[in-house]
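K.L.:
Starting from the known structure of chain V, fit chain Y onto it as the hints suggest.
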Amino acid sequence: MSAKHVTTSSFQADVLSSAKPVLVDFWAEWCGPCRMVSPILDEISAEHGDKLTIVKVNVDEEPGLAQQYGITSIPALHVFQNGQVVKQIIGAKPKPSLLADLSDFIK
Amino acid sequence: MREVIIIGSGPAGYTAGIYAARAGLKPLLIASSVEAGGELMKTTEVENYPGFPNGLQGPELMDSFRAQSERFGTEVLLDDVIEVALKGQTKIVKTGNGETFESKTVILATGAAYRELGLPREKELSGYGISWCATCDGFFFREKVIAVVGGGDSAMEEATFLTRFASKVYLIHRRDSFKASKIMQERALANPKIEVVWNTEVSELLGEGKLSGVTLKNTVDGSTKNLDLDGLFIAIGNDPRVWLVENQVELTEEKFIKVEGRSSKTSLPGVFAAGDVIDPTYRQAITAAGSGCVAALDAEHYLTDLE
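Note that the protein sequences, when read in sequence, are chains V and Y. The numbers in the numbering used here rise by one with no breaks, and the one at position 20 of the first sequence is 20. Each number in the numbering used here corresponds to the 1-based position in the second sequence with 1000 added.
Possibly wrong hints are sitting among the right ones.
With a straight-line Cα cutoff of 20 Å, these simulated SDA-like cross-link-like pairs (lysine to any residue) come out [unchecked claim]:
| hint | chain 1 | residue 1 | chain 2 | residue 2 |
| --- | --- | --- | --- | --- |
| 1 | V | K20 | V | K51 |
| 2 | V | K87 | Y | G1209 |
| 3 | Y | K1210 | V | I90 |
Note that these hints are calculated values from the structure, not bench results.
Isolated chain Y, as found in the complex:
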């Protein structure tokens, strides 16, 4: 029987690992087989993580998080949790490779998954002109015309990054202002290759077997027009990843895992949650890390009270 199992390997998961390991709890951190390190693995430069005045690459930051958690005895497993049973005193966690673990506590740090536009053929065209990862796929759009959909920091970052390759980047946003941070907006707006298309949403994906363009719909007057594109990058936000636990722990109205006050306590004793999966508001690496620390301390107190 384990003391702590942590599910997730972003800033929240690894920070929980660092604290739980330093508390002598020998945590098992189940990191995922192909998404270990979480969302920051797909970003480039991270400029706002304190302690790194010159910035660093997202994957480099996550490698450091992992190394720091392992230094104190966190066991990192590159596997996917496919099923959990959290209601009993003994928590049961099953993985894709067929292993079953038992634990006194579980920390849920499963983060958030990319939100889709919800248009017909979006899946079918993914990888054939539609992309979810600018750092992975920008390379294939050298001297091409592409568009980014979204208005937050990740849309700004992707659009700016993609100008390294593309000849032209349309930035399509359904409102008349961005919610991205000021510095990211200014960078995008000042870039001569980026053209912002305000008050507009993508209403249809065009092309057979491969994306050839989109139909744009004006959100103010409802008018539509077609835009020829070689590629479309979707960055319209994330949804908390709760499918694993949604029938077991209480969720908020917005489908985040519900926690008690400023703690990480979920509706089930011994089950804690941290990071983007509980946070509809801030969703930063640093807030997720802080939240992972809280979860490890809460788990530690719970285990002390059990004795």
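Just chain V, same shape as in the assembly:
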């Protein structure tokens, strides 16, 4: 299952008000490393979706959200909990490293 695409209008409901932690993958079509990390996030979502919701923000279509969260490098993975950014991961990483980075949210 591929991740839900979130927009400015759905960000409040899908991310900020979520009861579960939400990982937001800021990405773009033209970013090679983003394309590589995307299937890994799908796998993590399939395995740990009960504890962590994974969604995507296309920075081309949603430059306002990218700016609001200070994105200057993608892929950027931000974990939101109770409306706050609690973890930031920059750059494409192999699955074992991502799982280690996200261990607080998926145990």
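P.N.:
Quick look at chain Y alone, frame taken from chain V:
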């Protein structure tokens, strides 16, 4: 037991795959999980790869390399090699997802990794104003003031590419001339948004939580000054990626994998190396591809002699 395992998926790795597969060796190519395709995945237009008179995009070229290697039976695995044991007759290769493979031969085509400036807080500010990938991150610097550090082809390409977005691009180089190819230099120098800062290196990264500028040091008279910046792109070259094998195969003084003469033979029987990981000099897609071909042919001869 495999006949050939290829580690790496740039031009050298995939070309080795094409040749080994056509030789009927059913190679396994371990491509990496997030960096498959190698360095060309982060470039834009490739204009000097023969056979493509109109140029093409780096990722498009690498997709073609991959497809051509798979057409003849190369098995491509999107995983990372984390450990190898190459000294015995049977070579052992372990991956990040926990698989272990055995093979009679291994071709090392692990390429090179971006060189860092080596300044305090460089890691911490990466992704917060410091970038290693102009094609990924240029978009975020629309109408901003940025700088590129370096003097080679990739610095020229990045600086030129970034003028699409930035209002101003400083090109900072520690010498008084570039080593980039003439056509790339001319393109950068002719661009009105690019200002070259010669004989200068970055000596300090400024900003809390986010890059706000750099301290520049003149390499001739040692004087320093600060420059306000929104972004800094580092393109000062690459270092061969040898951490996986450095305690097993012999390296050159410059830490490249050492090969015998014009061949791809390393210090260990059955272990071959190709591409940027053996090349301190040329480092082009086409030379890497040629070198991958050599490695596959050497591996094939070695396997024939084993029988």
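K.L.:
Taking the hints in turn, state whether each one holds.
P.N.:
We went through each hint and held it up to the structure:
1. Distance check on the hinted pair: K20 (chain V) and K51 (chain V) sit about 7 Å apart at the alpha-carbon level, within 20 Å; holds.
2. The hinted pair formed by K87 (chain V) and G1209 (chain Y) meets the criterion: a straight-line CA distance of about 14 Å does not exceed 20 Å.
3. Of the supplied pair hints, the one linking K1210 (chain Y) and I90 (chain V) holds, its CA atoms being roughly 13 Å apart against a limit of 20 Å.
In the structure shown, no violation is registered for any of the earlier numbered hints.
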